[in-house]
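Going down the list, the sequences are from chains A and B.
With the first letter of the first sequence counted as 1, position 65 gets the number 1185 in this note's numbering; the numbers rise by one all the way through.
With the first letter of the second sequence counted as 1, position 77 gets the number 346 in this note's numbering; the numbers rise by one all the way through.
Take the hints with a grain of salt, since some may be wrong.
[As the list claims (entries may be wrong)] Simulated DEER-style distance windows between Cβ atoms: (1) C309/B x P1181/A: 28 to 36 Å; (2) N1199/A x A336/B: 40 to 48 Å; (3) S1147/A x R328/B: 25 to 33 Å; (4) Y339/B x A1158/A: 24 to 32 Å; (5) E1172/A x A286/B: 23 to 31 Å; (6) R1229/A x A336/B: 36 to 44 Å; (7) K348/B x S1147/A: 27 to 35 Å; (8) N334/B x T1231/A: 37 to 45 Å; (9) R1229/A x N334/B: 35 to 43 Å; (10) K311/B x N1199/A: 27 to 35 Å.
[Said to hold, decoys possible] Chain B is faced by these chain A residues, among others (derived, beta-carbon under 7 Å): (11) L1159; (12) Q1161; (13) G1162; (14) P1163; (15) F1180; (16) F1184; (17) L1210; (18) P1226.
If you're looking for bench data, these hints aren't it; they were derived computationally from the structure.
Model, not experiment: these values are computed from the prediction.
Ideal placement from N, C-alpha and C gives every residue a C-beta, glycine not left out.
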Amino acid sequence: DAGVTQSPTHLIKTRGQQVTLRCSPKSGHDTVSWYQQALGQGPQFIFQYYEEEERQRGNFPDRFSGHQFPNYSSELNVNALLLGDSALYLCASSTGTSKLEQYFGPGTRLTVT
Amino acid sequence: RKEVEQDPGPFNVPEGATVAFNCTYSNSASQSFFWYRQDCRKEPKLLMSVYSSGNEDGRFTAQLNRASQYISLLIRDSKLSDSATYLCVVNFYGGSQGNLIFGKGTKLSVKP
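Work out the full structure, taking the sequences as your base and the hints as a guide.
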């Protein structure tokens, strides 16, 4: 039973560029949440996707956008990258009936230079 | 005031020690509570949910005090493998809205 997978594992981008991160949820899960974890901080909620729609959003600017596909996988897009966007981006999956029981993927470590 | 606040770390303890972590949350309407564990450069993993009546899982005991908006985690007979960062997590809205609010975490180092 495959857990949550994310790609790529590491990424280095330059200020102003755009980036796309990918997530495949755990088998049987239909809800994907994205979190940003800066060094020394706890994860911060970005948004959650269910039935291919953004259902909730945290306090992140519009530069952060996402998508969920019919197979429940998801992408996180960040435009106009800033140095402060450097962080570990975590994807968590859950089911529609138990959104709080979230399983995290290994994350994508993004470095913006 | 931060939504979820935890004890500052790090906690350095010898093997076999008992260690307690505390956490406070700001929103009295909070409905669900958890402790997650995160190893260095790894993803967070659910350690245990926290119920109003308190709950125990082996060497781990979690307590919730809604009146004081306070959550605790007690680890007995600590092992080297318990070394990790422990994250206090709260959900304000219940199961229909699944965004989790994390504390900054408290680092635990168990020494031989």
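Handout entry: List of violated hint numbers, smallest to largest
Key = 5, 11, 15 and 16
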